[in-house]
Amino acid sequence: MKKKRLLAALTAGLMLVSAGCGASGGGGSTTDGGVSGEITITIPSYKTGQNVGAVFFEPQVERFNQLYEGQYHIELENVTEDVFNDQMKQLAQQNALPPLVQGGDKEWLRTVVFPNGMAHDISGWLDENPDIKALMLEDAIDYCTEEDGAIYSVPLATVRPTGFFYNSAMWNPTEDLSSLTMDEFISLIGDQKIAFSTAENAWVSALFLTALIADQEGGVELLNRGIEEKITDFNQPIIVTAVEKLQSFLQNNASANSVGAAYPDAANAFMSGQVSIISNGPWMSTDFEEANSANWSNGFNGADVRASLFPGQVGIAQTRSYGEWWISADATEDEIALAEAFLEFIYSPEELEAYLLAEGGDAPKLEYSESFTSQQGETQVLADLAADTSEETVFAPCILDVIPSSVANSDLSRLLPSLADGTYTAEEFCELLTTAAQEATAE
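Residues in the sequence shown are numbered from 40 upward in steps of one, following this note's numbering.
Possibly wrong hints are sitting among the right ones.
[Said to hold, decoys possible] Computed list of lysine-lysine pairs in DSS-like fashion (alpha-carbon distance at most 30 Å, straight line):
hint	residue 1	residue 2
1	Lys404	Lys128
2	Lys172	Lys404
3	Lys284	Lys269
4	Lys128	Lys145
5	Lys172	Lys145
6	Lys172	Lys284
7	Lys172	Lys128
8	Lys269	Lys128
No lab work stands behind these hints, which were simulated from the structure alone.
Hey, can you work out the whole structure from these sequences and the hints?
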């Protein structure tokens, strides 16, 4: 059982109080069909229109607008995801940032926005809302807290840890897989076949490599350090040992199509019964629904799929990260009040549960309602991952996120086939990655 620290009733009460206390009309505006004195802001967002994130986010904003009708109102401006970060930078240069900002390039936030006083300090708001602060992941709070104690980005409260799926009709262990050591897990796998990929960014293989690194003493710390400064030296014993184990998997357990496989090929191998195990995130759960059975073959049945985090209670997720929201330093008092009300709304138990049901993942510090638990249980793999995710879960960023992008997107996949066929030893493979990474950072 998870140890939870949120009092849902208190949060609900605070929301009702917030809804009942109107802001002064001095900074208000009137929208078409709106109420005079209503405070209105516009948020540029890529989670609009045809973007998959719009399915949940647009109705969420509408729920907020209905709750605060006559007091606060949020309009959404559609911005495509591929230009969103650049647009935020342009708005910042023009001193025209929206009062409430939905993300932005993380390096830009760290090196430009926050050091230059462009964001509002929310540490006081968090202290005034301990029930909300109690929801936030410790790693996220630590990462978002500046040396002077200021907090500019709302820390993460939810996480979508990546683990692996297995076909229980082919392999049905009774052990709690996440509680095993990696060596115990490898022994249990035996000769079971595993989906790997070596094309594109070698996504499926990179996930397993990450787990193999994180399993070792000091491995999680090594990966986390890569968030601040990219890993360019792969000759470290932890990485070499992980690559040795990955090479063994590739040579003894990989599906026949692994070399040259992109992610769709790996997914097809799993959903056609060629392999019993595949690493991927909770978003893959929809592939196992009956509505998508046209993609199944050779007797595969999505109802047979179970999920687990990796051995050592490792979930692949970058929790040492900025959250999705921050408030502009140029926001007026009324706009700050609106922004804080919106943040309180989306961090309420009801909205967090709605988000998790819609998009998967877990809120490790939230005490779930019976209704949520029942609904989540209807999707077996999401229930499996949620059961594995607790305050004891160890989160580690994917290796693709902590190495130079050229290595992640090209060199890793280019070199993996030669690791699989034995052309390179683990040491040689790591030496070649080191050379590629150092050349990339020297440019």
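Going through the hints against the structure:
Restraint check for Lys404 and Lys128: not satisfied, since their Cα atoms lie roughly 34 Å apart, outside the 30 Å limit. Of the supplied pair hints, the one linking Lys172 and Lys404 holds, its CA atoms being roughly 10 Å apart against a limit of 30 Å. A C-alpha spacing of about 23 Å is found between Lys284 and Lys269, which places the hinted pair at or below 30 Å, so the restraint holds. Our distance criterion of 30 Å between C-alpha atoms is met by Lys128 and Lys145, whose separation comes to about 12 Å.
At roughly 22 Å between alpha-carbon atoms, Lys172 and Lys145 fall within 30 Å of each other, so this suggested pair holds. Annotation: proposed proximity of Lys172 to Lys284 is violated, straight-line Cα distance about 40 Å (limit 30 Å). Only pairs whose Cα atoms come within 30 Å are accepted, and Lys172 paired with Lys128 is accepted, the gap being roughly 29 Å. With a C-alpha separation of about 23 Å, the suggested pair Lys269 and Lys128 falls inside the 30 Å cut-off, and the hint holds.
Comparing the model with each earlier hint shows violations of hints 1 and 6; every other hint is respected.
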